[in-house]
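Whole structure, please, built from the sequences with the hints as guidance.
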Amino acid sequence: MPDPVSQIIDSLFERASVDSVAAPLANSFACAYRDGDWTVERLEASVRGFVASASSATGEPASHAAARRAL
Amino acid sequence: MRITGLTVEGLRGCPRPFVLELKGKSLCLVGENGHAKTTLADAAELWSSGDIAAFHTEGCQLAAAIHLDASSATVRITGTGFSHSRTLTAADGAGELVADAPSATAQVAPIPILRHSTIAGFMGRTAGEKKKALLDLLGIGSLNGLREPLKTTVGHVKRDLDAAASQLAGERATVELHLAGEQLLAYAHRHAAAAGLGELLDTQEALLELELGELPPRAPDRGSAVDELTVALTGLPPDPAAAWNTEVGDADRLQLQGTADLLDAARRVIGREDRACPVCEQPVAGWQLLARLAERAAELREIRARMREAEHGLATMQSALERLVGALDLLARRPPKEGWSAAQVLNTARETVDRYRADLGTARAQRTMCPPTPDLAALTERLPDLREQASQGDDDAQTRALIALAELRQKCLRLAQAEERHHALATAHAATTRILELAEEEIETATKDAIERVSALAGEYYDRLRTSSPITDVRLRYKRARAGQVEFTLTYDHRHRNVSPPQRIMSTSQLNALGLALHLARLKLEDQPWRTVFLDDVVNSFDANHRQGLARLLNEEFSAWQMIVLTHDRAFNDILRRSTSGWRFREIAAFSPRGGPQLSDSEPRRALRARLDDGATPMEVAHLARRALEQSLRTPLAKLGYEIRYDPDQRYTAHDYLLALRRGLAHAGSPLNDLPLLDRMETASYMANLGVHDRDATVATTDDLLRLADDLDELDNAFHCAGCGEPVWRQHRPQHGRESFRCGCGALAA
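Each protein sequence line maps, in turn, to chains A and B. Quick note: the first sequence uses our numbering, first residue 1, plus one each step. Quick note: the second sequence uses our numbering, first residue 1001, plus one each step.
There's no promise every hint is true.
Just some of the chain B residues that point at chain A, by a computed CB distance under 10 Å [unchecked claim]:
# : residue
1 : 1156
2 : 1157
3 : 1233
4 : 1417
5 : 1427
6 : 1428
7 : 1429
8 : 1437
9 : 1446
Listed next, the stretches of chain A that the computed footprint assigns to chain B, with coverage defined by at least 3 CB atoms under 8 Å from CB atoms of chain B [what the hints assert, rightly or not]:
#  : region
10 : 7–20
11 : 23–31
12 : 43–52
Simulated restraints on C-beta separations [what the hints assert, rightly or not]:
#  : chain 1 : residue 1 : chain 2 : residue 2 : range
13 : B       : 1467      : A       : 28        : 51 to 61 Å
14 : A       : 28        : B       : 1449      : 23 to 33 Å
15 : A       : 39        : B       : 1053      : 18 to 28 Å
16 : B       : 1332      : A       : 48        : 46 to 56 Å
17 : B       : 1152      : A       : 17        : 17 to 27 Å
18 : A       : 28        : B       : 1163      : 20 to 30 Å
19 : B       : 1053      : A       : 14        : 28 to 38 Å
20 : A       : 28        : B       : 1503      : 42 to 52 Å
21 : B       : 1128      : A       : 48        : 29 to 39 Å
If you are wondering where the hints come from, they were derived from the structure by calculation, not from laboratory data. Don't be surprised by glycine CBs; every beta carbon is placed ideally from N, CA and C.
Next comes the structure, spelled out in structure tokens:
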């Protein structure tokens, strides 16, 4: 019989992965849980990775589009 | 899985090997407090889980469970298809489970153990703690660890997002300050033209892509020095010299003269040498003289006030000059561009101000006349020229335009980076917050489902534990408050519904019964391999109604289970004996610190005699003696069917049994009631020492116990046929209104 907690976790990340708001971090959080590293440090590392990736998505320095938006 | 045998050695109250034969059957083990009953539950916990949780909550190390006289503890449990042992040592802690023989069962799940302390502790928890504990009980406790790291991460991301928002606002303000209200493209066009870049900067992107290479350093900032000079010149106070000079001439004279005159006049008045006015020399009366002196003193006070005001004017001027000198020095440290015509003016002004500062200092210190403020109009007139030259600096217009464009570009890039970081963090914050929401939904759903399953059964079990109670419809209810809470609700007296928490209505005994109902319901629903449960003193504080209800519940709902009941409550033992079948009933007859518990292997009366013959101390056999006394009286009472006074808790003493027996014999007209032995027993000292449960049984002496053993043997003989040895209740025939007994061999026993 499958572990009830595993079923709940699977359901959680399945919903998160198809949720438009939660999706950006759903996979990395799911990996953290399955790695047995469900800690604040690991989750924050996932967030930092996402932010760094999003900030440099259009190359360094920041995109001109972002500059136009900012101005 | 069921247990057929348990052996424990060196653990807590069992210093020597203690063997409990179960043969897979349910067991009720009765024993006094402190006779190592809980040690058996601890042994099962240690064996199956490798730990004893209570030893952590009580602040001990697990090694403290090893008996003081032992160096290690070993527990062996055998069952159908398995036989394992586990050893606990102070150095290595609990070892691995070792199979005594090749076994199909390599791993075991924790044996379910319900303890009074666990149940009472659960009921005393807050609703939030109950939720956590219940999730643990229901096997989804690890969900408790899902929420907190997420929640903390959300908080930290929010903190970073706020910092990014502040950074973004700062970068935006920097750009706006640089533009000074001008539109970005207009500013860029203007400076591009001045820098000779033509139409290259006709778009914002062109501005951002602008590669300016290495720019010349900026010229020293003279503009701020000119600004400071302007402020210093503007802040010069009005000329203080006139006021000072007016006061200092009169004041010195008046003050010096006035002071001397007043002193002299006072001397004269006091000595009454004459009546002449010290000022006008005219003869005056004493009171007139005093009036004149008072006028003079007032005049001097006014002079002193004006002097202070004039001196304040000098001090203010000195401060203003200090600032002016500072501004001139600042401007002098930034060398004027070659050909500055204002340089001479600055030098002259500095010399003039220096001289005036010196004059002011002298006048103030020596109270001499002060020269008027020098004319600085020449310097004031040159301020616009100075400002113009300072603003030009050393840079030519083209370089200044390039620098301005480069600075703007750099600020725009920083702004764009801040914007992107803010946007990314906002996305991350929304994502973590949403995942937390989803997790809480999942946890709530799982918790509700689990609670719903156990809630109805727990309510039903509670109803069956306590019949005819005004408390009905007991349920567990989940609340969303905080991280989720679980609490019991109930209906009271069919009028008050959803009463919560149950402590509002329930007594401690009822709460414990409710907790036990919940734990039993959980066991019933739990999917785990054991069909064995230890119940350790769970009927503490239960009344007869609750005990009856529990015995009935165990018999009806857990007949397929192996229940191991550890209790000091003989009444509960008797109830179980009457209401169950197939159970084993054993008793811890004696306990000693070195030998540990000892099961009753024979009739207590004979066991007592044997222990006394072996030289046992009163302390060692006191409890056995009490049991022997009670059983020797209770057996004929029960066998002859005599009644005893009603006690809902069925806590009878030896004295109660003796009185009931005598009353029954008297009522039946039995000659046995005339036995001198019964009179002697009523007043025997052992009856006082052993006959009352609330008293410490160890106060009985060796003489008491030897006398008791003799009396019990005599009592036993009295109720048995001297010929064939059969008990009198085997043949029990009333004859002509007078009861007599006839044994199997035909001889009258009494």
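Evaluated hints:
| no. | hint | in the structure |
| --- | --- | --- |
| 1 | 1156 | holds, 6 Å |
| 2 | 1157 | holds, 6 Å |
| 3 | 1233 | violated, 41 Å |
| 4 | 1417 | holds, 4 Å |
| 5 | 1427 | holds, 6 Å |
| 6 | 1428 | holds, 5 Å |
| 7 | 1429 | holds, 9 Å |
| 8 | 1437 | holds, 8 Å |
| 9 | 1446 | holds, 5 Å |
| 10 | 7–20 | holds (count 7) |
| 11 | 23–31 | holds (count 5) |
| 12 | 43–52 | holds (count 5) |
| 13 | B/1467 to A/28: 51 to 61 Å | holds, 57 Å |
| 14 | A/28 to B/1449: 23 to 33 Å | holds, 29 Å |
| 15 | A/39 to B/1053: 18 to 28 Å | holds, 25 Å |
| 16 | B/1332 to A/48: 46 to 56 Å | holds, 52 Å |
| 17 | B/1152 to A/17: 17 to 27 Å | holds, 22 Å |
| 18 | A/28 to B/1163: 20 to 30 Å | holds, 22 Å |
| 19 | B/1053 to A/14: 28 to 38 Å | holds, 35 Å |
| 20 | A/28 to B/1503: 42 to 52 Å | holds, 45 Å |
| 21 | B/1128 to A/48: 29 to 39 Å | holds, 32 Å |
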